[in-house]
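S.K.: Sequence:
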Amino acid sequence: MKITEINLVVEDLARSHAFYAALGCTLRQVSESSEETSAWLTAGGPIPVSLHSREFAAWWDASAPPVAPGSATIDLTVDSAEEAEAVLAKAEQAGGRVIAAARPMPWGQQYAIFADPDGYRWGIKSPPRPS
1 MKITEINLVV EDLARSHAFY AALGCTLRQV SESSEETSAW LTAGGPIPVS
51 LHSREFAAWW DASAPPVAPG SATIDLTVDS AEEAEAVLAK AEQAGGRVIA
101 AARPMPWGQQ YAIFADPDGY RWGIKSPPRP S
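Start counting the sequence shown at 1; every next residue gets the next number (full-length UniProt numbering).
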């Protein structure tokens, strides 16, 4: 398993986009079909960082308490849906809490969320469906 993305929930998406662009990050819209951008993803670099508006974060993580600016979700990609289930089970056995069971997402992956004992959120992604 490897870290594949860090999702930063931000208060002002345009301000954060400008900040990371000023630092030299190249960003692309997460959804090309949306007229209004709700998330940006760095293009290239060692670890993708995704900037999410509060509303976009609430769409993919509807748990309570809601994610808020200043919070982060670290995404891990595993080799299979079975491995994702095993990671969730290990996390729960070790004192973590499953926030969202694995479910199919529009971007072509199964996605689940758990929190560690301190409340930090981790997303577990299966490999993308073949196109």
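Worth double-checking, as some hints may not be accurate.
What the hints assert, rightly or not - Now the in silico label distances, taken between C-beta atoms and shown as ranges:
no.	residue 1	residue 2	range
1	128	22	19 to 25 angstroms
2	24	97	16 to 22 angstroms
3	21	64	29 to 35 angstroms
4	117	14	30 to 36 angstroms
5	22	130	21 to 27 angstroms
6	116	62	15 to 21 angstroms
7	18	95	38 to 44 angstroms
8	118	49	34 to 40 angstroms
Said to hold, decoys possible - Here are the simulated EDC-like pairs of lysine to aspartate or glutamate, each with C-alpha atoms no more than 20 angstroms apart in a straight line:
no.	residue 1	residue 2
9	90	55
10	2	55
11	2	12
By construction, these hints were calculated from the structure, which means they are not laboratory data. C-beta atoms are modelled at their ideal positions from N, C-alpha and C, and glycine is treated no differently.
S.K.: Taking the hints in turn, state whether each one holds.
M.R.: Now for the hints, and whether the structure bears them out:
1. Between residue 128 and residue 22 the Cβ separation comes to about 31 angstroms, which falls outside the hinted range of 19 to 25 angstroms.
2. Residue 24 and residue 97 have their C-beta atoms about 37 angstroms apart, which leaves the hinted 16 to 22 angstroms range violated.
3. Against the hinted window of 29 to 35 angstroms, the Cβ-Cβ separation of residue 21 and residue 64 comes to about 33 angstroms, which satisfies the hint.
4. The supplied range of 30 to 36 angstroms is met by residue 117 and residue 14, whose beta-carbon atoms lie about 35 angstroms from each other.
5. The hinted range of 21 to 27 angstroms is not satisfied by residue 22 and residue 130, whose Cβ atoms lie roughly 38 angstroms apart.
6. Restraint check, residue 116 to residue 62: a C-beta distance of roughly 20 angstroms satisfies the suggested window 15 to 21 angstroms.
7. A beta carbon spacing of about 39 angstroms between residue 18 and residue 95 agrees with the range 38 to 44 angstroms that was offered as a hint.
8. With their beta carbons about 21 angstroms apart, residue 118 and residue 49 fall outside the hinted range of 34 to 40 angstroms.
9. Among the hinted pairs, residue 90 with residue 55 is inconsistent with the structure: their alpha-carbon atoms are about 30 angstroms apart, more than 20 angstroms.
10. For the proposed pair residue 2 and residue 55, the alpha carbon gap of about 27 angstroms is over 20 angstroms, so the pair is violated.
11. The straight-line distance between the Cα atoms of residue 2 and residue 12 is roughly 29 angstroms, outside the 20 angstroms bound, and the hint therefore fails.
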